[in-house]
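Chains as they are written, first to last, in my numbering: chain A, 143 to 458; chain B, 1027 to 1320; chain C, 130 to 461.
Mixed in with the good hints there might be a few duds.
[What the hints assert, rightly or not] Calculated pairs, DSSO-like style, for lysine-lysine (alpha carbon to alpha carbon, straight line, at most 30 Å): (1) Lys1054(B) - Lys210(C); (2) Lys269(A) - Lys228(A); (3) Lys223(A) - Lys287(A); (4) Lys1054(B) - Lys137(C); (5) Lys311(A) - Lys377(A); (6) Lys269(A) - Lys311(A).
Quick caveat, the hints were computed from the structure, so don't treat them as lab data.
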Amino acid sequence: MLRLNRVWKTYRVGAFGTRELTAVRDVSLDVAPGEVVSLIGESGSGKTTIGRMVLRLNSVSQGRIEFDGTDVSTLRGRALKSYYRKVQGIFQDPYSSFNPIFKADRVFDMVRRQFFAGTPNATWHGKIEAALADVRLDPAQVLNKYPHQLSGGQLQRMLIARALLLDIKLLIADEIISMLDASTRIDVMNLLADLTSRGVGVLFVTHDLALGNYLSTTTVILRRGVIVEMGATDKVFANPQHPYSTHLLGSVPHLHKKWSQVEAELARHDARLGPCGYHAHMPGRCGMPPHDPDQPMLAEIEPGHVVGCSYDQPLG
Amino acid sequence: MTDTRPLKPITADARRAEIFRLALGNPKVIAGLVILATLLALGLAAPLLSGHGPSDYVGPRAEPPSADFWFGTTLFGQDVFVQFANGIRSTYVVGLLAGGIGALVGMTVGFVAGYRGGVVDEILSMITNVVLVLPAFAVLIILAAYVGIDSVVHQSVFIGAFSWPWVARAVRAQTFSLRSREFVDLARLTGVRPLTIIRTEIGPNMGSYLLLVFIVLFGGSILTAASLDFLGLGPPGQMSLGLMMNQALQSSALVLGIWWWFLPPGIGIVLIVGALYVTNIGLDDVFNPKLRKM
Amino acid sequence: MGRYFGRKSIVYALTCIVAVTINWLVPRFMPGDPVLQMLISRGPDTNPEQTAVIMDYYNRLFGFDVPLWQQYLNYWGALFKGDLGVSVWLFPTPVADVVLRALPYTLGLLLPAILLSWFLGNKVGAMAARRKWLDNSVLPVGYVLTATPYMWLAILLAWSLGIVAGIFPTAGGYGFDLQPAVSWEFASSLAMHWFLPFLSLFLVAFGGWAIGMRNLVIYELESDYANYLAALGAPPRLIRRYAFRNAILPQVTGLALQLGVLVGGSILTEVVFAYPGLGNLVFQALLHRDFFLLQGVVLFIVIGVLVANFVIDVVYVLVDPRTRAGMQGVSA
């Protein structure tokens, strides 16, 4: 359904765009209907940028993002609108997702004005009530209120309800529960699980491995804009190949381990080991650019489980 | 005991009413508005108050204030009060028009630069900075002297054309920070067009600020217009407070002691501009409670 | 750092070009012949010979016989040589000479008025921010002063202190009976004539600075870092000093932004006092429809303001700890 094909994102920074900053580097991945793909990485890994590119909030510098075979970046006007009917996003901060000076249910009104202008009042209200029931919200508690009168969990659920008003096929969920209390997190996670049972694909962007594991069918681990490991969640979690993934998975219970230590250990790893998981399957030597520019960046080490070179290579 | 009852739903109208109530409960806002309204009424009533125009020679020369001529007469026997009332009216017109034009241009440039970013922003910001460092009054003198100003509207356009840069800068900065808020992303995901997003999502968040900006521009435009009029660069045949001062000074009213000629126009300007500023701080108190504690 | 100044320089260069271009463009594309119009407005032609000379001179100056782009380049060339043309009103004195003769008077007024009002305004404003009784008097007075048109305050002072009280003279740069000389008598006359225009410029500007500083300091004192310092038990004096330091930066920027307004104010004030500076020249040029003089003076003022702006930019960089750190290479 959604296919990213060698997608790059380069930002121009500084006066008149004199310097370049690569946020996403040669990323390819797929999201199928009913599938949850977790995009896991620390901050600055480019995971949010990928989500925003899919949502057309940021442009793609190189490569293609396809939805049902159409290049997303070519969509204009009516076509873009019908894309947004099928693809929606929810963001990290529920309070910032609502315009503070208007009532929260204005997000529903906006959907109506843009997509359901002809729908009679009664039908529309029925639709809203059904959507709110789907996310287990009581209309009396959330309608006609200002965002600051509602809890973060209520607001995030309203945003899911908003997506349900549309014929949503793909949801980009960008850290949607990281700002919620532990008690509401699991409710929202279960709502996402409901969505997938209806055939909605979810791109679940998170820095939290446990959450990624809980929900997802496929796990993608990103580091500095590059996919280092990708595969079925059970395979990646049971048998991590890339040292970064190993440390990431290993560091979950270790509360006191700092990223700087991880970096140091990674460097030591480079010095210690012979060929990495990638080069065990691919020609070439760690740390050297591949001879063939078309050589894939990821090597399949077992069916449905790919990994990148573990040497911390200074790319491009 | 904490109150556990659910909060009473606040409607948009109720919120507006709350702001309105706070504003009308603020003595500064009240005082400012009363002065502004009184002078406006005087300006509007100017043509009704007497049967003669501001430049007609109707009375004895240099007569001090009396029952017939409330503010006395000029050296040439013109009615100072009629001049004053007419001047007040054109002062309001210039302030509203020039302030409005300045605010409109400044907001448009600021919104577009802040929302679009990139090259558009670079170009608009460059233009803004150029107009900002250009000493507006000096350029206005050249324009007024060569191109000429033939009406109050014309004068307002000139003044508005040079008063907008600081507005553009401030609006741009605020738009820039609002643009990255997620509710703007959500509006984009709903397929709302950029101009509509600026109007319905970003603009309302700056509503109170834009009102304050307009008031400051209003006052500033009045001062600039009066200065141009004082140099004799105002619209010909149009009585204004600046022109009254010009004529009084040119006719040696100071040496002759005709104080009733040159005091009223200044008092009028100080009252209007001062009242605007006082209203402004009052509204600022209402919108930004930080200053309220003082 | 280099980029900061690079960008600023582009703005100033552009502004300069825009100003000069407006100055060149406006008279050329106005309907009617400005030279003729100007000469007609001088009144009955009493000296046809001189008029012919002037006509000829200006037509040559405009250089209508060469293509437009060359006229434009010639204009720039003349400008670089300091040639602003010749005044019609004071024919045949070059405009540059007229301007340079008036310049000391304007600078003598503006510099002390701007600097003193800025320093004292900031001091008083900062004091008002923490003393209720002072605030209650500074705030209203400040707002009335900023709402006062420059020329009206000048008229008020001239009338009250000059004519009614008779303390100060109200016209000219020095006594009409004196010739410029290095003498005690001349210096005191100069000072007496200087005082009222200075005071009137100073007062209006002072009100604006005081209010601005007061509001800025209050915002700073309410900020999180101030509250945090107070919670740590820092002495109020220290907190106030920090607040003042942070508040002074926007006031430096404000100085740059207000320069144009202040220069405009000095034009108006000089007109009221017939003070022989640039402002009065503007007025005389307008009265005598001496457009070349007017253009010359205005161009001079514009460039002067640009230069002053640039100086303030440099000062800002020197006093702002963030940019200072940048200069030493602490941040990229």
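Against the structure, the hints:
Taking the CA atoms of Lys1054(B) and Lys210(C), the gap is near 56 Å; set against the 30 Å cutoff, the hint is violated. At most 30 Å may separate the alpha-carbon atoms for a hinted pair to count; Lys269(A) and Lys228(A) meet this at roughly 17 Å. Of the supplied pair hints, the one linking Lys223(A) and Lys287(A) holds, its CA atoms being roughly 28 Å apart against a limit of 30 Å. A hinted pair counts as satisfied when its Cα atoms are at most 30 Å apart, and Lys1054(B) with Lys137(C) does not qualify at roughly 40 Å.
Note on Lys311(A) and Lys377(A): the hinted pairing holds, with a Cα-Cα distance of about 26 Å set against a maximum of 30 Å. Straight-line distance between C-alpha atoms of Lys269(A) and Lys311(A) comes to about 18 Å, which keeps the hinted pair within the 30 Å bound.
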